[in-house]
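There are 2 protein chains.
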Amino acid sequence: MRRDLEETESMRRELKVILYGVGSIGSQIARLILKKKGLKIVGAIDASPEKAKRDLGEVIGVKKNLGVSIFQDPEKLFSTVDADIAVHATSSFLRDVYPQLISLIEHDLNVISTCEELSYPYVADASLASNLDELAVEHGVTVLGTGVNPGFLMDTLPIVLSGVCQEIRHIRVERVIDAAKRRLQFQKKIGAGLSRGEFEKMMAEKKITGHVGLKQSIAMIADALGLNLQRIDVKPVKPILAEKTVKSREISVDSGRVAGLMQSAHGIIDGRTFVTLVFKAYIGAEEEYDSISIDGTPSIQQKIKPCVHGDLATAAIVVNSIPKVINAPSGLKTMKDLPVPSAVMDDVRRYLEAH
Amino acid sequence: MRRDLEETESMRRELKVILYGVGSIGSQIARLILKKKGLKIVGAIDASPEKAKRDLGEVIGVKKNLGVSIFQDPEKLFSTVDADIAVHATSSFLRDVYPQLISLIEHDLNVISTCEELSYPYVADASLASNLDELAVEHGVTVLGTGVNPGFLMDTLPIVLSGVCQEIRHIRVERVIDAAKRRLQFQKKIGAGLSRGEFEKMMAEKKITGHVGLKQSIAMIADALGLNLQRIDVKPVKPILAEKTVKSREISVDSGRVAGLMQSAHGIIDGRTFVTLVFKAYIGAEEEYDSISIDGTPSIQQKIKPCVHGDLATAAIVVNSIPKVINAPSGLKTMKDLPVPSAVMDDVRRYLEAH
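Residue numbers (the working numbering), protein chains in the order written: chain A, 296 to 650; chain B, 296 to 650.
Next comes chain A alone, as it looks inside the complex:
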């Protein structure tokens, strides 16, 4: 629903949410929404035929019927319900989600998406990003891509820390995850259990992707700091091989096989590296952490240990962003454009501004 209509009513009634994508992350977001006052899920969409027509409550595992049937065809849902915002969790890639986002915007829905490339979409496809922005402005809605990473740990948080720096020579951000503590889907995404050859083949065929978002995070940092990047060097993904047999609850990886992966990317300015991002996720990582080192005036050495739990945090930042997106001016936004992130701990309507 457009923000410029029915302001008073929107301050009073629950915010109506459509869930677009009822996979693992979408389900976690849905379960969190159900715990928050002031939000009501009024519709759900998923492409999977197995989920079609089933009740959302059953699919997300809350053991009660929510009276919300999952639609395979978004247009059919849009013709039957009206909502304030769509929470979208279908794919990591901008080109895949673009038609879905267009359809949501055309139905006057604000959008928060976990699509990694949408966190800073200008580097994936500037023209698609520009179309989304224009259409969102035209429809008076706000579109945001967010998540724990990209969206927070390797971009928003270093940007926030830069706020107390007079000058900065280099920023290094690392995220190291022990994949043994994560779900099987995540372990598969990082190639755990494959041989080195299988890993390289599946990576080349894009059957596994690793972490998507280093490029977006670097571009967001550079934009926030007002720097002209010469280029972003995204290094080839490297497998991390198990040095001994390592195990998670779901999987056992023999010595010499792939335990996970290491990715890095560098933002280059004037021929020198200004930002370095390093992402490691593998079964058996001894120390899990998120660290940010700013070499500057002052220098800042920050560490979060253990690393922030990805799935819990992604569901959190999506739901916590709902009032911020509703309050924001219309258009395509990134995390650096919004007020500081913060937890929603009361009725979501409490955080809405009168426009």
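Treat the hints with care, as some may be off.
As the list makes no split between identical chains, a pair holds if one copy fits it or if it spans any two.
As the list claims (entries may be wrong) - With a cut-off of at most 30 Å between alpha-carbon atoms, the simulated DSSO-like pairs for lysine-lysine come out as follows:
hint	residue 1	residue 2
1	K501	K539
2	K510	K332
3	K332	K631
4	K533	K484
5	K371	K335
6	K330	K371
7	K358	K483
8	K631	K311
In short, the hints are calculated from the structure, not lab data.
Starting from the structure of chain A, add chain B where the hints point.
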């Protein structure tokens, strides 16, 4: 100058800055402003007769004449120069700075102040805060209180981290400073070198204040998270006594005398402590750090080590906030209302939005 006037011009010319308060922090801010492109100091005010009529460059120690005479009487300066923003650093207390801020706003100046109580002024005096807000809106200017603490380390940063939490049971923030590494004025403010009796007498007579801002930080966190605080318990300031002789470059503290102090405050909700802030500054602190522990879903353990250098960071966040304040809607704002903090690394005009 009001933002609604001369937009095009303001995007082209340097932003004109008035410096209100040329003490230690004001001088550091001024030196940083001189390093940034797009900013020009056009006037300076200081109450001290020793600084009156001297050139700002000489007083702040940059060894060149800036062609900016320091005025004792603000009104006299305002009648001769026009500016976009005032950077204000005179006192920690809202009641002291209130008439100064009123005068700045009445001259259509945006204001960034290091006044600790202004970082979240509603808990010092809600009526003065409300007057400032109304007057700022009337004059089309924005007023912000900020600094490293309050303003960042014990409020904005925990608020930002809460953004990836689904629920929070408790937040604990600690700042521990080795005062040996700080300037003499800071060492005096925390009572270093006094006997315990002298410390208690000077504290009672408000001749030393310790850190001002724990109450503001707690109130800002609660407001950002949408929580109704039952009360804020600010504990009496405790001296930390030297266990052996400890030294800084400026001062030597014998065993048994005051090396510094410890302060704490608690934000209480429904009869239980939701936020705990602990501030320690003393000569000889072995480990300097800023830590944030969130007991929640997920829990977050964050540490910055060594602690962020206070003076460098305060000058930084004041200057880095200039474009954000110029871009913000008019009125009295706090850090939680603005977009995420970020470093100004290029011409300040680059960060200005076309309104």
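Structure-based check of each hint:
1. In this assembly of identical chains, K501 and K539 lie within 30 Å of each other by CA distance solely inside one copy; the values are 27 Å within and 64 Å between copies.
2. Proximity of K510 and K332 under a CA criterion of 30 Å is satisfied inter-copy only: 28 Å between copies versus 36 Å inside one chain copy.
3. In this assembly of identical chains, K332 and K631 lie within 30 Å of each other by CA distance both inside one copy and across copies; the values are 27 Å within and 22 Å between.
4. For the identical chains of this complex, K533 and K484 are intra-copy neighbours only, at 13 Å inside a copy versus 53 Å across copies, given an alpha-carbon limit of 30 Å.
5. For the homomeric pair K371 and K335, the shortest alpha-carbon distance inside one copy (19 Å) is at most 30 Å, but the shortest distance between copies (59 Å) is not.
6. For the identical chains of this complex, K330 and K371 are intra-copy neighbours only, at 27 Å inside a copy versus 59 Å across copies, given an alpha-carbon limit of 30 Å.
7. In the homo-oligomer, the alpha carbons of K358 and K483 lie at most 30 Å apart inside one protomer (28 Å), although the nearest pairing across protomers, at 62 Å, exceeds that limit.
8. When the C-alpha separation of K631 and K311 is checked against a cutoff of 30 Å, the pair qualifies both within a copy, at 26 Å, and between copies, at 26 Å.
Comparing the model with each numbered hint stated earlier shows that all of them hold.
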